[in-house]
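To convert, note that position 100 of the sequence shown is 1391 in my numbering; the numbers rise steadily by one, no gaps.
Because the hints were derived from the structure by calculation, they are not lab data.
Some clues are possibly wrong.
[To be verified] Pair ranges (Cβ atoms, derived):
no., residue 1, residue 2, range
1, Leu-1456, Lys-1674, 34 to 42 Å
2, Val-1415, Glu-1639, 18 to 26 Å
3, Leu-1359, Glu-1381, 47 to 55 Å
4, His-1449, Arg-1542, 47 to 55 Å
5, Trp-1670, Ser-1557, 28 to 36 Å
6, Phe-1311, Pro-1603, 43 to 51 Å
7, Leu-1550, Thr-1375, 23 to 31 Å
Computed from a predicted structure; not experimentally measured.
Just so you know, even glycine gets a beta-carbon here, dropped at the ideal spot from N, CA and C.
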Amino acid sequence: MGRPLGVLSIVSLLGILPAFTNIKLGSLQVEDFVLVLLLGFCVAKYLSSGFSFRISSKLSSLFRSYGLLLLALFVMAVLALRLTFYPLDEVSLLKRPLFFSLSKLLQLAAIVCGFLWLTNVLVVEKKLLVRAMSVYWRTGVLTSWYALLSWLVVTIGHVDPSSTLGSILGAYSVDYAVRARGFFNEGGPFGIFVISAVVIGLLRRHMTGRRLGLANVAALFLAFVSSESKAAFFLVLLLVLYLVIAAASFRKKVAYFILSTVIFCSVAAWLNLPLFLSGYINSYHRVEDNVAALGRDPNAVLGRVAALYIVPRMISAHPITGVGIGNYPLMRNDPHYLGSLPTITDVEDLPAIGIPGITAEIGIPATLWLMFLLLAPFWACRKKASLIGAAAIFQLLAHTFGVQLTFFYPWFVSACAFAASSYEQGGYISQLQRSPLRILLRSVAIPVSPISTGVH
């Protein structure tokens, strides 16, 4: 029986919209509206059906656990009202204490609902899983080509990033280089998105046998390199390290180790990684000197460098309940956290340092709870093919390296990995397909020697 058109449309939208985070209505991404509408539909259906919900038995405990976590975050957001807030200049109601937390909590609830709904429909019907992965893969390839073309335009035309043209191109110039960003604000999250597209492409190849194509793989690789995303670089290394550990044979372990070494050396040389890392370390140790010399320069008083200074103090002051989900911009100007940093109220500053930034807002216990839930798909996939395990652990790594919880693409990858594991049965997929390295080589039409599977 075919699926309703509405289900197919939502699955397709959830596979396309995560690539377009720069397309917004107000402060919300377009995907947020789809997810909020989906949340409203699911809540209405839950209420109208006598507080019952048809969900796969594999997801029922995850559904309850996420529900309890969201309830706990709501309670902690209310408890955070005891704190002194330092509001932003923007007078919007949603930027005020409690309302800020409630809006972020609603956004997270919509994300979780989207993840559970998507996983539920993909587990039920394999055709939907293949469709979802195909849409996501093609979107990743197309946005990579757009980013590369934009990179060429900015490089050749010396486009000013503050100009109208510069604001719509998928690349931008900084002091030291031109970086690809696709439809993201900057190269960092775009690089991680490109890696997610590669993971989904390999997972699709694993499930269907469809090749990725040499041109597609080249576009994704060049987009990844051109993004100059240090976070994506380290994420790739950890994924390859996982494949090394999970590989069944010594030969595979050696192959993955050589692959990871080549990737590390090549990309590290391209990015001049030692210089970048030393720059971050020096900026952190000399943050007070930089503030005195540079004043309110955003590179010195906003983002990661400032968060590395502020977040540890925040966690130390509120280790159990945090300052409330979404409240970092309203609390970072507290003199107890700022030290010598200047007060910033004209922009919404975000920590962008991953798990520590999340911990500052929701506390240590809730963060551990969240990490446990993010690992649930991996736990379900741990005995499956190593590629499925790598896809399942992608989300936790992405959030660890700074991807916001309210970006849907890591959740999409987890949903696909979880669903793929439900179709993975002994002997269903050949040994050739179980090797991610061989999948990649075969996908770009590079011949490899056959392996006997022992299954006839």
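Evaluation of the provided hints:
1. Between Leu-1456 and Lys-1674 the C-beta distance comes to about 51 Å, which lies outside the given range of 34 to 42 Å.
2. Range check, Val-1415 to Glu-1639: about 39 Å between beta-carbon atoms, so the 18 to 26 Å window is missed.
3. Taking 47 to 55 Å as the suggested C-beta distance range, the pair Leu-1359 and Glu-1381 does not conform, at roughly 33 Å.
4. Against the hinted window of 47 to 55 Å, the Cβ-Cβ separation of His-1449 and Arg-1542 comes to about 49 Å, which satisfies the hint.
5. With their beta carbons about 33 Å apart, Trp-1670 and Ser-1557 fall inside the hinted range of 28 to 36 Å.
6. Between Phe-1311 and Pro-1603, the C-beta spacing of about 34 Å breaks the proposed range 43 to 51 Å.
7. Taking 23 to 31 Å as the suggested C-beta distance range, the pair Leu-1550 and Thr-1375 does not conform, at roughly 52 Å.
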